[in-house]
Amino acid sequence: MKKNQAELDREARADQAEIARRYIVDQRREKRKMLASALGGELSAISWSVSNCLGPIKEAKQMFEAIGNAKIGQNFDTTVTMPKIDPIVYKANISDLGVLGPSTAADVVHIYQLILASRTPVENALLTGAHLAKMFELQHSVLEKWIDSTQHVQQRLLSVLNSEIEDPGPLYFVMHADAIAAMTSDLAPLARRKKGE
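The sequence shown begins at 1 in full-length UniProt numbering and counts up one residue at a time.
Hint data in this document are derived by calculation from the structure and do not stem from the laboratory.
It is possible that some hints are incorrect.
[Claimed, not checked] Okay, derived cross-link-like pairs now, DSS-like style, lysine-lysine, Cα gap no bigger than 25 Å in a straight line:
| # | residue 1 | residue 2 |
| --- | --- | --- |
| 1 | K84 | K58 |
| 2 | K91 | K33 |
| 3 | K145 | K58 |
| 4 | K91 | K145 |
| 5 | K58 | K71 |
| 6 | K31 | K91 |
| 7 | K84 | K134 |
| 8 | K71 | K134 |
| 9 | K84 | K145 |
| 10 | K134 | K58 |
| 11 | K134 | K145 |
[To be verified] Pair by pair, the computed Cβ-Cβ distance ranges are:
| # | residue 1 | residue 2 | range |
| --- | --- | --- | --- |
| 12 | I19 | D148 | 40 to 48 Å |
| 13 | Q113 | P168 | 18 to 26 Å |
| 14 | D9 | V174 | 49 to 57 Å |
| 15 | N75 | L116 | 21 to 29 Å |
| 16 | R22 | P168 | 26 to 34 Å |
| 17 | A12 | K145 | 52 to 60 Å |
| 18 | E59 | R29 | 41 to 49 Å |
| 19 | I24 | K145 | 19 to 27 Å |
| 20 | F76 | S118 | 17 to 25 Å |
| 21 | A17 | S141 | 51 to 59 Å |
| 22 | K71 | G98 | 34 to 42 Å |
| 23 | I88 | D9 | 47 to 55 Å |
| 24 | G169 | K2 | 54 to 62 Å |
| 25 | D148 | V80 | 46 to 54 Å |
All figures in this text were calculated on a predicted structure; none of them were measured in a lab.
Where a beta carbon is used, it is the ideal one built from N, C-alpha and C, also for glycine.
Produce the entire structure from the sequences given, and follow the hints as far as they go.
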């Protein structure tokens, strides 16, 4: 049976709507990939800069350990070992982070918080070398953990670019793995009882 003009027009409109929908989906996917690529590149550069600070921070710690319990006696900039970083890709695209999905976007924001946090020098004239050694030791530890977390988030961004790269999942589960494992093991007996084991 031959279709009338109204049916043909309806099918044509449906086809146009499907083409428009596919175009929007493709554009969103492309935008997501471009953003993941740009953020991944910026995080690589920032990680490299931060990892270059680990040596000087370790040396500062050793120097202040040698001073021991003697007071420093004058203020100095304790943030001098950290590079000044302006994350222009992140700032320019902050309103588009949602295209990465809520979990990946949350991880990206978490990682950039260390970079964006203001670092004001500590009033340290009355501190001893031992105090400052401890402070630099803590700074070293925080930055090492940040680099590990950044590598995790970079892998999440790479998984957006290449479907063969597995998304390692939310950073939260890596940072709190021990607590989650403990909670899971505490709940296991309850689950077995519910099943009647």
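### Query
Which hints, by number, does the structure contradict?
19, 22 and 25
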